[in-house]
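In the numbering used here, the protein residues as written are 362 to 862.
By construction, these hints were calculated from the structure, which means they are not laboratory data. One should not assume that every hint holds.
[What the hints assert, rightly or not] In the DSSO-like style, the derived pairs of lysine-lysine whose C-alpha atoms are separated by at most 30 Å in a straight line are: (1) Lys-733 - Lys-789; (2) Lys-665 - Lys-696; (3) Lys-800 - Lys-744; (4) Lys-427 - Lys-744; (5) Lys-800 - Lys-767; (6) Lys-627 - Lys-574; (7) Lys-454 - Lys-784; (8) Lys-665 - Lys-792; (9) Lys-503 - Lys-408; (10) Lys-706 - Lys-733; (11) Lys-754 - Lys-800; (12) Lys-503 - Lys-790; (13) Lys-696 - Lys-445; (14) Lys-665 - Lys-503; (15) Lys-792 - Lys-733; (16) Lys-754 - Lys-767; (17) Lys-427 - Lys-369; (18) Lys-733 - Lys-800; (19) Lys-403 - Lys-445; (20) Lys-503 - Lys-427; (21) Lys-665 - Lys-576; (22) Lys-576 - Lys-369.
[What the hints assert, rightly or not] Pairwise CB distance ranges, derived in the manner of DEER restraints: (23) Asn-823 - Pro-700: 46 to 52 Å; (24) Asn-823 - Gly-855: 30 to 36 Å; (25) Lys-408 - Pro-442: 44 to 50 Å; (26) Lys-744 - Glu-693: 16 to 22 Å.
Note that the coordinates shown come from a computational prediction; the quantities given were computed from them, not determined experimentally. In this text, a Cβ means the ideal position worked out from N, Cα and C, and glycines have one as well.
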Amino acid sequence: MLQKIDSKLYIIGAGFAGQMIARDLSRKKIFGSVAAFLDDDKKLSGKSIEGVPVLGPIADVASLLKCGPLDEAIIAIPSAPVEKIREIFEILKKSGFSNIRILPNVSQIIDGKAHLVQTREIDPLDILGRNPVIIPLHQSLKYLRGKRVLITGAGGSIGSELARQLLCGGAERLYLFGHGENSIVQIYRELHVLQQEGVGEKAVIVPIIGDMKDKNYVDYIIRKTRAQIVFHCAAYKHVPMMEENPVAAIENNVFGTKNLLDAALKNNVQKFVLISTDKAVCPVSVYGVSKMICEKLVLDYAQKAGSRQDFMFVRFGNVLGSRGSILPLFQEQIKNGGPVTVTDKNMERFFMTIPEACSLVLEAGGVGENGKSYLLDMGEPIKILELAEQIIKFSGLEPYKDIEIKIIGVREGERLTEPLWIKEEEPKKTKYEKLLELKNLPMDSFTLQNVLLQLSDVCFFNEENPEVFRNREFLKKCLCSYFPTLDDFYRMSGNFSGGNL
């Protein structure tokens, strides 16, 4: 949080972004005064910009500043690579700065405009991992201009970031659909604050509370809003939790998605983009199976749509910092003094930041075609143990000395590595960086309908077949009969719990 008027503010970077932040701060005097710019550009060092001195190089002058406990540094170099941000962060920490904020990556700074409201506290995402691909949003979002866009799961990590970036797309209306009241209120208020501060364009933002499992309501919402583009992010996605609640996973993820697809097809939605996951590849969990079925459903509806509409899915791996992911979990464990828990020392995952993934999803929505399957290029996998060590160091502590790392074993539905595709999908490059196209492997309509019929009686009471209602043992047997990788995994792990829920 920006400090009050008795604090001194140092802006790292005297370029266009830093200067705009300084002007914003001068108008909002309650946040304190800008004491200086810090910049490595020798041409700027020793000069002043609108009365604010420029000091440099950063490594030399930062340690000379008499930094007080309320003083703050704002890193305003949106084009800087991760390595540079990491270097600046370490310099500032060693120089006594405890309050460090950052302006987001250049891909989120639209039309050369930077705003104070866009700054946030620096976190491990800013200094870990690879450099994200830079996508000029004002170009890639042109297809959204004047359109009515609906986001399901708009209060979640992916949905809310899509909403932030969509502010800059020129959409006429932005519908935030979600089941959780608090999360929808939060993103709704945040978007209004961003608009008030000059970020993005004047889209009308409409919050909608509802349950996508309600078929009639979903059809009503799509028809009433006349939504032209749907980004479907909503899903139950916590793997161990869904193993404990498998019927809920299928009911929400599969039949909720089917309701949306039915409504989209019926009401002539122009584009439907499903957010999918690497856990749908050779699935070994109920969650993974549910998303695999969703992928097959999208391909099936694409055939029904013909050339009138575009139905597609975009698959990617883990996103750093998403709600319930390991990053916030690790941070909470560190805050509590440890231990940081890692399932297995050899476990690894593909990671991407939320903003980068969302930028690529939005780009895919614009260039994607009906019935096509897309995959985000996630780079190289990262070992979870190494990630835990890096996050502990980011917190100013030493792994194994200040904070213990405890290996707790793989949980239900988890595997050591997550493949992004199977070889039959033959991913190939597109002309768009980090966006790959997969060869479609649709499930034949007869088999897909049989799966849905059997699962339906588990999720929704049928008086002609009452004994299977909420019967998770029957559900898992049904899934295993259609998805052999799940069956193999359960047999190998000995994990097959019965009962009703």
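Now for the hints, and whether the structure bears them out:
| no. | hint | result |
| --- | --- | --- |
| 1 | Lys-733 - Lys-789 | holds (12 Å) |
| 2 | Lys-665 - Lys-696 | violated (52 Å) |
| 3 | Lys-800 - Lys-744 | holds (29 Å) |
| 4 | Lys-427 - Lys-744 | violated (39 Å) |
| 5 | Lys-800 - Lys-767 | violated (41 Å) |
| 6 | Lys-627 - Lys-574 | holds (17 Å) |
| 7 | Lys-454 - Lys-784 | violated (46 Å) |
| 8 | Lys-665 - Lys-792 | holds (28 Å) |
| 9 | Lys-503 - Lys-408 | violated (40 Å) |
| 10 | Lys-706 - Lys-733 | violated (37 Å) |
| 11 | Lys-754 - Lys-800 | violated (42 Å) |
| 12 | Lys-503 - Lys-790 | holds (23 Å) |
| 13 | Lys-696 - Lys-445 | holds (26 Å) |
| 14 | Lys-665 - Lys-503 | holds (27 Å) |
| 15 | Lys-792 - Lys-733 | holds (15 Å) |
| 16 | Lys-754 - Lys-767 | holds (16 Å) |
| 17 | Lys-427 - Lys-369 | holds (10 Å) |
| 18 | Lys-733 - Lys-800 | holds (8 Å) |
| 19 | Lys-403 - Lys-445 | holds (17 Å) |
| 20 | Lys-503 - Lys-427 | violated (47 Å) |
| 21 | Lys-665 - Lys-576 | holds (19 Å) |
| 22 | Lys-576 - Lys-369 | violated (55 Å) |
| 23 | Asn-823 - Pro-700: 46 to 52 Å | holds (48 Å) |
| 24 | Asn-823 - Gly-855: 30 to 36 Å | holds (31 Å) |
| 25 | Lys-408 - Pro-442: 44 to 50 Å | violated (26 Å) |
| 26 | Lys-744 - Glu-693: 16 to 22 Å | holds (21 Å) |
Hint violations for this structure: numbers 2, 4, 5, 7, 9, 10, 11, 20, 22 and 25, all remaining hints satisfied.
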